[in-house]
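Put together the whole structure using the sequences plus the hints.
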Amino acid sequence: GQQVMQIPQYQHVQEGEDFTTYCNSSTTLSNIQWYKQRPGGHPVFLIQLVKSGEVKKQKRLTFQFGEAKKNSSLHITATQTTDVGTYFCAGPNQAGTALIFGKGTTLSVSS
Amino acid sequence: DVKVTQSSRYLVKRTGEKVFLECVQDMDHENMFWYRQDPGLGLRLIYFSYDVKMKEKGDIPEGYSVSREKKERFSLILESASTNQTSMYLCASSLSTGNTEAFFGQGTRLTVV
Numbered sequence: 003g004q005q006v007m008q009i010p011q012y013q014h015v016q017e018g019e020d021f022t023t024y025c026n027s028s029t030t031l032s033n034i035q036w037y038k039q040r041p042g043g044h045p046v047f048l049i050q051l052v053k054s055g056e057v058k059k060q061k062r063l064t065f066q067f068g069e070a071k072k073n074s075s076l077h078i079t080a081t082q083t084t085d086v087g088t089y090f091c092a093g094p095n096q097a098g099t100a101l102i103f104g105k106g107t108t109l110s111v112s113s
Numbered sequence: 003d004v005k006v007t008q009s010s011r012y013l014v015k016r017t018g019e020k021v022f023l024e025c026v027q028d029m030d031h032e033n034m035f036w037y038r039q040d041p042g043l044g045l046r047l048i049y050f051s052y053d054v055k056m057k058e059k060g061d062i063p064e065g066y067s068v069s070r071e072k073k074e075r076f077s078l079i080l081e082s083a084s085t086n087q088t089s090m091y092l093c094a095s096s097l098s099t100g101n102t103e104a105f106f107g108q109g110t111r112l113t114v115v
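Top to bottom, those sequences are chains X and H.
Counting in our numbering, the first sequence runs from 3 upward without gaps.
Counting in our numbering, the second sequence runs from 3 upward without gaps.
A portion of the hints provided could be inaccurate.
To be verified - Some chain H residues near chain X, calculated using beta-carbon distances under 7 Å:
no., residue
1, Pro41
2, Leu47
3, Phe50
4, Val54
5, Thr99
6, Asn101
7, Glu103
8, Ala104
9, Phe106
10, Gln108
It should be emphasised that the hints constitute simulated quantities derived from the structure, not laboratory data.
Where a beta carbon is used, it is the ideal one built from N, C-alpha and C, also for glycine.
Printed below as a string of C-alpha cells:
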C-alpha cells in the first residue's frame, strides 16, 4: 500500500544549529502537508505545498516539494528551543479521501 | 478558529469493555478522521467519514467501528477493548478530503487494563 516515510526518526541539535527532515512517498502526491506536534500537544498544520519544485518559507523554516512530487523536506535554520517537537509530513491517499502521515521526526534542542 | 473537541483527555477501561470516544467539530466540515498515535509508528488512520452516515476504513480498522449520525460528531467505538488498543487517539476534521489542512483535537489517551 501507499507509504509516506520520514527520516531521521530522531534528531538532537545544539541551539543555533540547522535541522532538516526528509519525507518520501511511494506514490506521486497532489500535495504535501507539514504538521508540528509540541510535546504533550496535538498536530498543528504548518503548510501545504502543491506545485512541483515549490519552495515556501516561514521565518526560519523552509519547505520544499520535489520535482517529481514524491519527496519533500523541511529545513530549520538556527534552531531555537521553541522548535522542539515532532514534525510530520502528510499526503493524500491514492483515492484522495484522507491524509496519510509519515512517522515523524522528533527534534530536541539543547541550549 | 476551528475547534475540534474530544470528550475525554484520559480514559482507563478494562479489557472487554465497550468504549466510546467522542469527537465534535464546530466548523461544518464534511470530513472527519480518527487516528491512533503510538511511539515510533506515527499517526495511523483508523476510520474516516466524508458525510453523515458515511464511513470508510483506514489502514488499521480491525477492532474498531465508527458512527456519524450528525455532521459535527464522529464517534470511535472499541467493541471489546483489548490491551493492544492502549494508545493516544486523535480526531481530526477537514473542509475537503486529503487536499486541505486537518484540524486535530487534543487527543484521548486511552489505557486498557
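Results for each hint:
1. At about 10 Å, the closest approach between the beta carbon of Pro41 of chain H and any beta carbon in chain X exceeds 7 Å, and the interface hint on this residue is violated.
2. Satisfaction of the interface hint for Leu47 of chain H is found here, the shortest Cβ-Cβ separation to chain X being roughly 6 Å, below the 7 Å cut-off.
3. Nearest Cβ of chain X to the Cβ of Phe50 of chain H: about 5 Å, under the 7 Å cut. The hint holds.
4. For Val54 of chain H, the interface hint is violated, the least distance from its beta-carbon to any beta-carbon of chain X being 16 Å, above 7 Å.
5. Checking Thr99 of chain H against chain X: minimum C-beta separation of about 5 Å stays under 7 Å; hint holds.
6. Because the closest C-beta pair between Asn101 of chain H and chain X is about 6 Å apart, less than 7 Å, the hint holds.
7. For Glu103 of chain H, the interface hint holds, the least distance from its beta-carbon to any beta-carbon of chain X being 4 Å, beneath 7 Å.
8. Of the supplied interface hints, the one on Ala104 of chain H holds, with its beta-carbon coming within about 6 Å of a beta-carbon of chain X, less than 7 Å.
9. Using the Cβ-Cβ criterion of 7 Å, the hint placing Phe106 of chain H at the interface with chain X is satisfied: the shortest such distance is roughly 4 Å.
10. Restraint check, Gln108 of chain H versus chain X: the minimum CB separation of about 5 Å is within 7 Å; hint holds.
Hints 1, 4 from the earlier list are contradicted by this structure; the remaining hints agree with it.
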